[in-house]
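From the two separate chains plus the hints, produce the assembled complex.
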Amino acid sequence: MGQTITEKIFASHSGRDTITPGANVWVDVDVLMTHDVCGPGTIGVFEREFGTDARVFDTDKVVIIPDHYIFTQDKMCRRNVDILREFVKKQNITYFYDPATDDYKGVCHIALPEEGHTRPGEVLLGTDSHTCTAGAFGEFATGIGNTDAGFVLGTGKLLLKVPPTMRFVLDGELPPYLMAKDVILRIIGEIGVAGATYRAMEFCGSGVDAMTIEDRMTICNMAIEAGGKNGIIAPDDVTRAYVTARTDKPFTEFFSDPDAHYYSEHVIKVAELSPSVARPHSPDNYAPVEDCADTRIDRAYVGSCTGGKLSDFIAAAQILNGRQVVVDTYLVPATAEVKDALETTMVDGKPLTQIFAEAGCLPIAPPSCAACLGGPMDTFGRAMGEEVIISTTNRNFPGRMGSRSASVFLASPYTVAASALRGTIADPREFL
Amino acid sequence: MNVIEGKVYVLGDNIDTDQIIPAQYLNLVPTIPEEYRELGRYALIGLPNADPPFVAEGAYQTEFPIIIGGENFGCGSSREHAPVALGAAGVKAVVAKSFARIFFRNSIATGELYPVESGAPLRTLFKTGETARLDLDANTIEHAGTGASHDLIALGDARHVIDAGGIFAYARKKGMIKS
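Line by line, the protein sequences are chains A and B. According to this note's numbering, the first sequence holds residues 1 to 432 in order. According to this note's numbering, the second sequence holds residues 433 to 611 in order.
Don't read these hints as lab results, they were simulated from the structure. Hints may contain errors.
Pairs of lysine-lysine, PhoX-like flavour, derived with a Cα cap of 25 Å [as the list claims (entries may be wrong)]: (1) 559/B x 439/B; (2) 161/A x 605/B; (3) 89/A x 157/A; (4) 269/A x 249/A; (5) 529/B x 439/B; (6) 529/B x 161/A; (7) 439/B x 524/B; (8) 157/A x 90/A; (9) 524/B x 559/B; (10) 605/B x 157/A; (11) 524/B x 606/B; (12) 249/A x 157/A; (13) 157/A x 606/B; (14) 559/B x 529/B; (15) 606/B x 161/A.
Next comes chain B alone, as it looks inside the complex (with noise of 0.2 Å):
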């Protein structure tokens, strides 16, 4: 994938994966099908004062395929349940000024969305329900609206693993395992 392009949900700074997916939540398998599923309608459900609420009422995907993020985002638990439940919901990219290490290793060991770092903050510049195209080939994200564009910096490796579909169908592609 290297264009990702939809509406946005900006939040703020230390978003912890106690609200991404709380954890009275974390009965649900996300191997299991139905249930990872189920972790999707969850997603962010833990903010405080949600408005909109990122999955709307009833819902099992959100509007928002891209969240905008400040510092330290998926801080807290190690729950892979987190970026699970983001993927699950249809989150395709996460775009934060940092992330917390455990959060960032999760979302590429599972592929579920990019973690992209923004190095300036960028949720100044963008409002919930505005669109936005991520370019992940070029680094940048554009404000559908102004025609703003901002660099981003490159996920590297990280990008390919991703592409593939996590850690070990990347391993599975690359030879590394055997199918």
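Only chain A is shown next, with the shape it has when bound in the complex (with noise of 0.2 Å):
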């Protein structure tokens, strides 16, 4: 019987020709990530576990990338940094990216692909839910806890239950005013925040054949908002044109076969959707900007790893082009080479610098998950009372931004830059 891609990956990395979903096997680890917020338990239980003159399992398949609390004056945020430093040095890791550097980077989830780490055909397991946004370059990507991530640390492997798949087919190219955001905002809404919860969710069709590699990003992004044990995304030449770039070291491509069995079936006709929000408090609470329209605003922010890539910022840009914002609107690009792209990068002959200033947004921050998740108090963005918040972000639980007394609405850069410039939730269509 045929097997989907998330299956073959783990037949391959565990030594098998075929694999059932519902096996529990040992799976080869091809990168482990980390971060400064897990970074130093999983560092205290390898130690602790394995005693303290260890060694790693591969010095070149452990990337390190402090990304959430960066630039607080948190001296525990900062002494968290320097346990990285050490475990660094000390270890001899590869790939380590230290914000007092040039060599910073930001965002885990971004920067992961634009150092080349993100390959066709492999497993990589990160400390972070949102590691499943790899998925979108044809990997078997998941978050881990702590105590696994050390345990892989050892022994380069973990015990992983096979996924069955559900499948997503995306039918029709993206309307103008409609992002990838959308989809899954709309996804997550049919199914609920468990509709997925031990799956695989795997994306295909027209749609997904006509996205961008940061299109599917997105997608893939939130699938754990709905429970997902990964999201996947078969590679084609838009991915390999993205790694090859980035990447010399070969990988292998993996296809679910035809005759594949699925757990279930959602077809999306993309064409149909409206621009949306996700409505506090749960990325689940679909609704389409229509039903929202006279909802006021405090804030607009634009960032995370779901919504400040590049192309996120152009298409804020697109709308906010010669207008004015009449809320705060926080801009905090994922990475530093977006950036930098938000300079070079244009707009109507104008660089996107140019446009977010003269719209009246605030100034840009430096890259990091920043006020995504709430974070220590001097976070650039964090919801500090009863703020209304539109954002690209991924979830809207209470307090996700900080104080439990804000809301959070999610929504596509497009809605939240047209929401920014109304004061209330609107329709990136009357901008476009």
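Structure below.
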């Protein structure tokens, strides 16, 4: 019987020809990623269990990307980056992007592909739930905790259960006012925050074929919001062009067989969707923007691994160009590369930085996770009171962006920008 | 541990890990003993309308060793600080209709608490502050006041891992890793 792409990756990494969903197998890990929030605890587990003299399984396969609490005065956060520095030095780890140097990158899930660490056919585990973003590159990528990661550091393997696959066929191309964010919000709205628990979410169809790599990253990024074990998109020329420009490492491509067995299939006619939001306080609280048109907002936020990529800022700039925001608008590029590109990328002959400045946005912040998850009190964009925020981020559970009394609407960069211009939740079609 | 007896704290569906331990406390490193203890103080401090608070102000331990949850307990972020904070606060078990997978996995790997699936929804049958008796051998939870007993889904192999104190302790006990 045929196998899905996820099953094939599991099989190839556990020394088998075929595999059945539900099987528990030891999987070889190609890349283990950690950051400043979970890295110290992971290192603690590793040293406690394997010994302070133990060596990591492969100094080229452990990628450490500080990104969460980088620009804070909080002493413990700064100490946590020092813990990473000491470990990197002691272990001679190849890939570490130190915030105190020009090597600093920013948000790990965007830095990983930029630095050539995401490759088709591989197994990537990270101490962060949005590790599933890398599934856009045709690999199995999922989030794990410190203890599991400590285990991988020592052994290079992890015991994982093979997930059954849910198939999502995206039919038709994105209309000009719709973004990948709208599609994934629709899917999560349909199946719910536990609709994909313990399952792989495989995205395919003409809609996916027409998507850029960044669109695909947005889709896979939010698989976790439906409880998915991983999100995945088969590699094609788009994937190959991106990956081969970033790394010389060879990779193996896998594709789902035509007779593969799927747990379920959903078809989404992309052209029929409207711009949408997830209302407070759940990512599955889906509504088309029409239903929220008069909702006043206090703040707009463009950033995070979900909505802080270059294409997200281009989209926001298309709406903001020549217009004025009426609410505080926070811009946080995901990585240093994205931030630099804001100066050289043009819309209508104007650099994005100029468009944002003329629109009255707040000064662009240095790259990091920033307020997506609240964080220390001095985090840029952190909710401190009862703010109503519309944001390109991934979660809106109570207190997610800081204050428990704040309300967060999740949306595409187009919708966030349109709302920043109106001061209420707005339809980007008014401006395109 | 076969039997856990104590007061229950009843929660709804989709209690995500930001509510269990908000991001501002993630500067605490779970493997540093003083910081492990601090995490216990902040367990469930993210709940918007907690009445009573899960951990009393100024305390490091909760009065409620058993949490009764609804669907998808522990969803959201993969932060292992979540089951750690609960365990540090003195939680022995979370009995929920269903769990999110990373939280479930982290609970077992750390051995911090027993994540028990209840099958049927229990949260209408208990009120915060009532006493329950959780029997991990019989796979039942009994309401101390009424005597009513409800069947739970067995933890299977995961039970032994948590009994041992987590995945590494279990592996050592079984000779999978040399001590």
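These are the hints, each one checked on the structure:
{"no.": "1", "hint": "559/B x 439/B", "result": "9 Å, holds"}
{"no.": "2", "hint": "161/A x 605/B", "result": "23 Å, holds"}
{"no.": "3", "hint": "89/A x 157/A", "result": "23 Å, holds"}
{"no.": "4", "hint": "269/A x 249/A", "result": "37 Å, violated"}
{"no.": "5", "hint": "529/B x 439/B", "result": "18 Å, holds"}
{"no.": "6", "hint": "529/B x 161/A", "result": "21 Å, holds"}
{"no.": "7", "hint": "439/B x 524/B", "result": "11 Å, holds"}
{"no.": "8", "hint": "157/A x 90/A", "result": "22 Å, holds"}
{"no.": "9", "hint": "524/B x 559/B", "result": "18 Å, holds"}
{"no.": "10", "hint": "605/B x 157/A", "result": "20 Å, holds"}
{"no.": "11", "hint": "524/B x 606/B", "result": "23 Å, holds"}
{"no.": "12", "hint": "249/A x 157/A", "result": "21 Å, holds"}
{"no.": "13", "hint": "157/A x 606/B", "result": "18 Å, holds"}
{"no.": "14", "hint": "559/B x 529/B", "result": "16 Å, holds"}
{"no.": "15", "hint": "606/B x 161/A", "result": "21 Å, holds"}
Going through the hint list in order, the structure does not satisfy hint 4, though it satisfies all others.
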